[in-house]
Amino acid sequence: MSDNLLTLTDANFDETLVGADTPVLVDFWAEWCGPCKTIAPILEQIATERSGQLTIGKLNVDDNLATQARFDVMSIPTLILFKGGEPLVRLVGAKGKGQLLEELDRYL
Amino acid sequence: MSEHRHVVIVGSGPAGLTAAIYAARANLAPLVIEGEPSSDSDQPGGQLMLTTEVENFPGFPDGIMGPELMMNCKLQAERFGAEFLTAKVTSVDVSSRPFTIETSVGQIFTADAVIVATGARSLMLGLEAEKRLLGYGLSTCATCDGFFHRGFEVAVVGGGDSALEEAMFLSKFATKVHVIHRRDELRASKIMADRARANPKLEFIWDSVVTDLIGDPTLEAAVLKNVKTGEETKLPVHGLFVAIGHVPNTDIFKGFLDHDEAGYLKTIGHSTYTNVDGVFACGDVQDHVYRQAITAAGSGCMAAIDCERWLEAQ
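First to last, the protein sequences are chains A and B. Counting from 470, one number per residue, gives the positions in the first sequence under the numbering used here. Counting from 93, one number per residue, gives the positions in the second sequence under the numbering used here.
Hint data in this document are derived by calculation from the structure and do not stem from the laboratory. Built from N, CA and C at the ideal position, the CB exists for glycine as well. Treat the hints with caution; some may be incorrect.
[Claimed, not checked] Chain A side only, calculated, beta carbon under 8 Å to chain B, not exhaustive: (1) Pro504; (2) Gly521; (3) Gln522; (4) Lys564.
[Stated by the list, open to error] In the BS3-like style, the derived pairs of lysine-lysine whose C-alpha atoms are separated by at most 30 Å in a straight line are: (5) A:Lys506 to B:Lys223; (6) B:Lys223 to A:Lys527; (7) B:Lys320 to B:Lys293; (8) B:Lys358 to B:Lys326; (9) B:Lys223 to B:Lys326; (10) B:Lys293 to B:Lys282; (11) B:Lys293 to B:Lys346; (12) B:Lys264 to A:Lys506; (13) B:Lys317 to B:Lys282; (14) A:Lys552 to B:Lys223; (15) B:Lys326 to A:Lys506; (16) B:Lys282 to B:Lys268; (17) B:Lys282 to B:Lys264; (18) B:Lys223 to B:Lys282; (19) B:Lys317 to B:Lys264; (20) B:Lys346 to B:Lys223; (21) B:Lys268 to B:Lys320; (22) B:Lys268 to B:Lys346; (23) B:Lys268 to B:Lys326; (24) B:Lys358 to B:Lys268; (25) A:Lys566 to B:Lys346; (26) B:Lys223 to B:Lys320; (27) B:Lys223 to A:Lys566; (28) B:Lys264 to A:Lys527.
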């Protein structure tokens, strides 16, 4: 796991986002969600390729109910890009690497 | 600039993967352009990636999980030498040989033969509010999103096997599942219909369509219209799942391959030949009668055999 790919929890969510010096892409996922698992390797690749520009945080919805409710996450995978702790853009559903980078690069 | 392949298979559901197994075993070294991740059922692995248990694919007395079945098919194809590319085909030119195929990752291929197995993707309701509410209560994947509706009421739109499977799955989480169907009888299989009717959490709303979705930022209600009486009602729901059918993924072939009014590719007689020599079609992309994983797999095998014999005759 590259060092800009983090595990987020309800407990460390706020401090991680505030403390990050890059925008943070939060990946809401679960073990039983097929499309979530399909994009997992893509997110790992993006973390490596955009190291220094982007941090990716994975939040398992099974264990972290507070954060998902806070951001009205009702579908997974949901990816929310945060800048300065504020949600900037939300992507719902699995997407290919090209499409993801196209969306993200606009904000990086 | 472009790379050449003997056989290119577009799509990686049961049809594409079975075609890949047979084509690989026939030493045709097929390249499978498997699609890109999506939650709309046009991803690698096809429609079964969004289901849980598949109980009607022969050979599995205890059923098998959809994603596991597709992973097995892919491994089997790889074992015999099939090559995979995770990309979408963005355009084709089959007006002359060799055929040209452009992909979403920039790579361009030429091919001696093409097997089209692009299947079908979920039909949406076509409402303005859909774009806003997708992911905020509106969903196309019950197995992905049912979890978020524990203790709430939800609705499923549709009357076929997919709709009932989704409704049955959702009843594990939701307090009530309203099944909204535009006719007064289900088109699902008898066994699914029986199970659905026996489920106390399922409630059927007949002769109705969804004309609008209400809620900001999250879904609060669906506006229903009775197609017989014209009466409009508001149904408060926390989640709405669309399972009204599929549309074949044939946009890139329009202009080249014959298709019916719904977009399904036409094949010749009982074969997988299309109107273009060297292009074969299998699976849901050319079948709107049966549309089962096993019939798709069967036609994938046929396509590989048709393709192999056609190539030999060139």
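The hints, checked one at a time:
no. : hint                 : result
1   : Pro504               : 5 Å, holds
2   : Gly521               : 24 Å, violated
3   : Gln522               : 21 Å, violated
4   : Lys564               : 6 Å, holds
5   : A:Lys506 to B:Lys223 : 24 Å, holds
6   : B:Lys223 to A:Lys527 : 25 Å, holds
7   : B:Lys320 to B:Lys293 : 26 Å, holds
8   : B:Lys358 to B:Lys326 : 41 Å, violated
9   : B:Lys223 to B:Lys326 : 20 Å, holds
10  : B:Lys293 to B:Lys282 : 19 Å, holds
11  : B:Lys293 to B:Lys346 : 44 Å, violated
12  : B:Lys264 to A:Lys506 : 22 Å, holds
13  : B:Lys317 to B:Lys282 : 27 Å, holds
14  : A:Lys552 to B:Lys223 : 24 Å, holds
15  : B:Lys326 to A:Lys506 : 36 Å, violated
16  : B:Lys282 to B:Lys268 : 22 Å, holds
17  : B:Lys282 to B:Lys264 : 21 Å, holds
18  : B:Lys223 to B:Lys282 : 34 Å, violated
19  : B:Lys317 to B:Lys264 : 28 Å, holds
20  : B:Lys346 to B:Lys223 : 26 Å, holds
21  : B:Lys268 to B:Lys320 : 25 Å, holds
22  : B:Lys268 to B:Lys346 : 42 Å, violated
23  : B:Lys268 to B:Lys326 : 16 Å, holds
24  : B:Lys358 to B:Lys268 : 42 Å, violated
25  : A:Lys566 to B:Lys346 : 26 Å, holds
26  : B:Lys223 to B:Lys320 : 28 Å, holds
27  : B:Lys223 to A:Lys566 : 21 Å, holds
28  : B:Lys264 to A:Lys527 : 26 Å, holds
In the structure shown, a violation is registered for the earlier hints numbered 2, 3, 8, 11, 15, 18, 22, 24, in ascending order.
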